[in-house]
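Using the sequences plus the hints, can you model the full thing?
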Amino acid sequence: MKAIRIHGFGGPEVLKLEDAPMPEIGSDDVLIKVHAAAVNPVDWKIREGLRKEKFPTTFPLTPGWDVSGVIEAVGENIKIFKKGDQVYSLPDPKKNGAYAEYISVAANMVSIKPKTIDHDNAAAIPLAGLTAWQGLFDFGHLENGQKVLIHAGAGGVGTFAIQFAKWKGAYIITTTSEKNVEFLKLLGADEVIDYTKTKFEDVIHDVDLVLDTLGGDVQKRSLQVLKDGGRLITTLRPDNEEEAKAKNIHLESFTARGHSEQLQQIAQLVDLGKVQPVINKILRLEEAAEAQEIIKQGHS
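Just so you know, we're using the working numbering here: the sequence shown kicks off at 1 and counts up by one.
Bear in mind the hints are in silico, worked out from the structure with no lab data behind them.
Treat the hints with care, since some could be wrong.
As the list claims (entries may be wrong) - For lysine to any residue, the following SDA-like pairs were computed, each having C-alpha atoms within a straight-line distance of at most 25 Å:
1. 52 - 236
2. 52 - 235
3. 166 - 186
4. 179 - 290
5. 83 - 285
6. 115 - 284
7. 168 - 269
8. 220 - 236
9. 166 - 183
10. 281 - 293
11. 220 - 261
12. 95 - 81
13. 95 - 254
14. 16 - 284
15. 166 - 268
16. 94 - 14
17. 54 - 115
18. 95 - 24
19. 45 - 253
20. 296 - 106
21. 166 - 250
Nothing here was measured: the structure is a model prediction, and the numbers come from that model.
What follows is the structure, encoded as structure tokens:
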């Protein structure tokens, strides 16, 4: 099969389109014929060796941990899937990814894809969608009527988080640049703050939950807007634990994990018209280096 592989850490030039062996499947795995693979920041960070402690790498490595496709074969223990099922998944980042014609994935990370969208759109959901879902609900404990601040609302995680929070019945505040203000209101945001003109901590307060995908100074400033007992959930390093503790704020970091049942819930929301993925650009497999550069520059 054809696959994009790297044989060592480095820049986009280490991504090579080459022949690779077909993936082997274990008794609890499924083999997926890949139709589309989304691109995420973790892809280039692993490529550059910035995540080797968290996700130990064996070369050659195929990147890409977002997939939508069709099941080609199932392991001997698998009863819930069959050949021909249209599925999507957030595979294990410690294993070969989906920049390839085929990928082997543990069945408990796979779900039937939404029926109302194609594979291109479905592939855009798992990693960003599960990050938003788990950040808001598993770690953030967001409930109906609560106030949530979602940073980087126009990003991959942000667009899903706004829609999930809207479905939950929360009051949604988000930050973005001026060009995305009206778009995020259409997605469901109640307040949109243009961070190039206004400091969010100057205009909002008494927030129940902050979902942070930016870290650094934004994470630190977010402590100012949370109510007593509020929660700051981040996908990055929790740098301000002492200050958070002093303010009685729960600060926690997490990494999204593949979860078939949550993907099933998200698919239902998509098919009900409550949630839609937002795609920036579609590229061919051989343009993987360009795709990773787009992501590294901060675009979705």
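**Request:** Identify every previously stated hint that the structure contradicts and give their numbers, smallest first.
**Result:** 11, 17, 20
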